[in-house]
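Novice: Protein chains in written order, with my numbering: chain A, 9 to 399; chain B, 282 to 378.
These aren't lab readings, by the way, just hints derived from the structure by calculation. All values derive from a computational prediction rather than experimental measurement.
Selected chain B positions facing chain A (Cβ under 7 Å, derived; list incomplete):
no., residue
1, I297
2, G326
3, H327
4, Y343
5, E345
6, I347
7, G348
8, H361
9, S367
10, G370
11, R371
12, G372
13, D373
14, V375
Derived pair list, reagent style DSBU-like, types lysine-lysine, alpha-carbon separation capped at 30 Å:
no., chain 1, residue 1, chain 2, residue 2
15, A, K72, A, K113
16, A, K143, A, K51
17, A, K143, A, K104
18, A, K233, B, K336
19, B, K283, A, K269
20, A, K51, A, K381
From the three backbone atoms N, C-alpha and C, an ideal C-beta is built for every residue, glycine too.
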Amino acid sequence: MNTENLRFLGFRRLDGSVGLRNHVLVLPTSICSSGTAASISEKVSGAVALYNQCGCCQIGEDIKLTTKTLVGFGKNPNVAAVLVVALGCEEVTYQKVADEIAETKKPVELLVIQDVGGTAKTIERGVSIASRMAKEVSSVEREATRLSELVVALECGGSDWTSGVISNPIVGAMVDRLISAGGTAVFSETTEIIGAEHLLAKRTRNRQVAKKLLRAVARVERRVKQAGVDLREAQPTPGNIAGGLTTIEEKSLGAICKAGKQRLEDVLEYADEIPRTGGLFFMDTPGQDIESITGMVAGGAQMVVFTTGLGTPTGCPIAPVIKVTGNSETFRRMPNDIDLNFGALIQGRETIERAGARLAGELLKVASGKITKAEKSNHIEFAMYRLYPSV
Amino acid sequence: MKAIMLNPNDNVATAIVDIPAGSLLEVQVDGRVRTVRTVQDIPRGHKLALTVLRKGESVIKYGEVIGVTMNVIDEGEHVHVHNVASRRGRGDLVRKR
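Bound conformation, chain B alone (with noise of 0.2 Å):
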């Protein structure tokens, strides 16, 4: 096992080890079995997209929205800070009065 998905909901898995370009993973929830094959490297820890994620879309773990996507991200891809925001906390987007 290299990746672990914490909800069936979810649409991202977490790596458990350092995993290279082009592995192919199978991640288990609940019983079931999902493969993917991972398109970049991905570090340990970090999360990779279990399925193609449109721009703007929820990205979920623990079965909840830990945020949305900047840009499409593909089945395999590295899902970080590079492609994700957060919803919560935008000073930044506070229009300046």
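Looking at chain A on its own, in the form it has when it is part of the complex (with noise of 0.2 Å):
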């Protein structure tokens, strides 16, 4: 397959960037607005809001990452046009959000509940304005796209032994053949790497990115330290255990592999813009997978490739998610929530190889539009990482 020539349909946005969906997005900027965001995006088809549970009561850089995040969704080119939704006493800086997020020059309306007179009339204006933007997002066209414009989240979940032998071996596969079309993939979990930090180490651009991807795991291990308990009482997780996974050693070094073999070309912080320079990056996150979602489709991730062995049904509000599993078993207990199943590989009747390419062949089908079945059942799991309890 000659992956120069590999395209996908997406809709071009006017800062030049590519969205493979076309949300309104009802964003609240708090939690105290968030129930009203969502009464608004129910009345509305083509549009979808997310569950915001900060926005207040956050001090210092927590309140900053807050509102990158919010604005990183806003941002992202799988939303077309954006209605902010701030109640007006909250410590987001509201206007700043609507602001910054329509320096990509995408349509952006503000409602603030306690100036518009309460969450009725909101819910009315905000239905008129969500529906305004839906049919004007609705005649942009999608059109034929190098994967250069494409970033990829990668997630696993729910792992079990299938995990580090099939499915990430093959998203690795995938992640190869996309970083030699062009495309970019980020991958992400800080604790998931440790034990396996000294491989991805080796094949950093540079000695400064190696040495920030250590600093990274050194961090969130001395987390685990001050707190006096061994990791494993929450790492691998109780199911991942079930699931034949020892400890956090043998989980990391089986969640790498979704990382292919390209080199790493830096490490960014949670909710970091991604480069779209193609090639690897990685992001540091937590292990909990909505939060890792979050913080790399607020980068600027447009679609995520999702592996489990136990199966999870976790969505995005904003982003395709391909669910790719490696057991047969859970591929049939869950059909409504996985995607693809490569169990058939154990049995050596696909190489991972082969199996790289049918995924790649998936990814594309999904980025021009083809519906997955996270967004057919319409999760829309939204967590955001916090630095700080509330105060």
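Since each chain comes alone in its own frame, lean on the hints to assemble the complex.
Specialist: Structure below.
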């Protein structure tokens, strides 16, 4: 397959980025406006809201991180237009959120519940605005796009023994193809590279990147040690252990297989903008799947490839999530949640390389509009990483 | 094939089906075949020792250290959280000040 000529069909945005979906995002700037935002999106076809549990009573870097994550979601190329819904007294500077998203030149409007005069009026006006936006953006058509515009986030969750042996190596083979074709991939979950970081550090672009990676791992391990517990209380999870994984080292060595074999270009902070330069990036996130995905999508990833052994329903409000398993039993048990099963590979019926090519084909279909199981089931899980508890 | 080895340096194999105690297994890696008899039931996806492991010995999978044994493990024995400890994130071992 000549990877150079690979294309997908995407929505070209005014800032040059390309979306795989054409969402109108109803974006609440605090938990106090999340219910209202959900009420608006439920009444408008083509609109989606995220459920923001933060936005107030946060200090220092924590409130900055929440703001950065919200802005990142608004800026994501999968979002065609944004309606920001604020309560009015929250700590997040809602005008700043709206202004920063508007830098992408996409339509952005702001409703402040306390100014509009309560939730009923806000919902009424919000529905009217979001409906108009949905109608306007529906005229945008997909166009053939090079893979250099694509940023794919890699995630694994509900891992078992098949993850490190089957599904993650297949995703790795897919990632190597994607990057050869000019695409960008990002993986994350710093906890879940503990015990495998030395292998990644050997293939960084330079020593600074290796140092950044090792520092990130040391930081999370220090936190566990400060808590005075064996990490095994939380990692591997009870399900991972039942599925045959004994230690975090074993889980991590399996997890990094999804990052393929290419050079690691850089280590990014949570929700940092992912450069669309092509190549492989690592984002420093916690091991919780939803917080990890949220960070990468806030960084601009337009889709997620998610491997699972035990099965998980996870989706995302604005990015398609392709669920992949190497466990045929799980695929049979959770047919509405998992997109692709590569369980036959263990019997030698398919090679990792061929399976990786098959997955790359599916990736392009989903990029071009094919609906994933998580989208069909309306899974819009959303959670932001927090640096400190609320004050 | 009932169990797989991922790297020639590994001292554990992974069962890809439920394996009863007393089964004679042929485990292949890089064209070579190792034989091992299970001394316990090994659930699908779980590991078994390919050789006798001393107490404190590194457990190797993917050609890398995945943990350290907490006691002697016999050839063909189930290798899991009951007899292998992690070397990382061990806040429980940090002396309280």
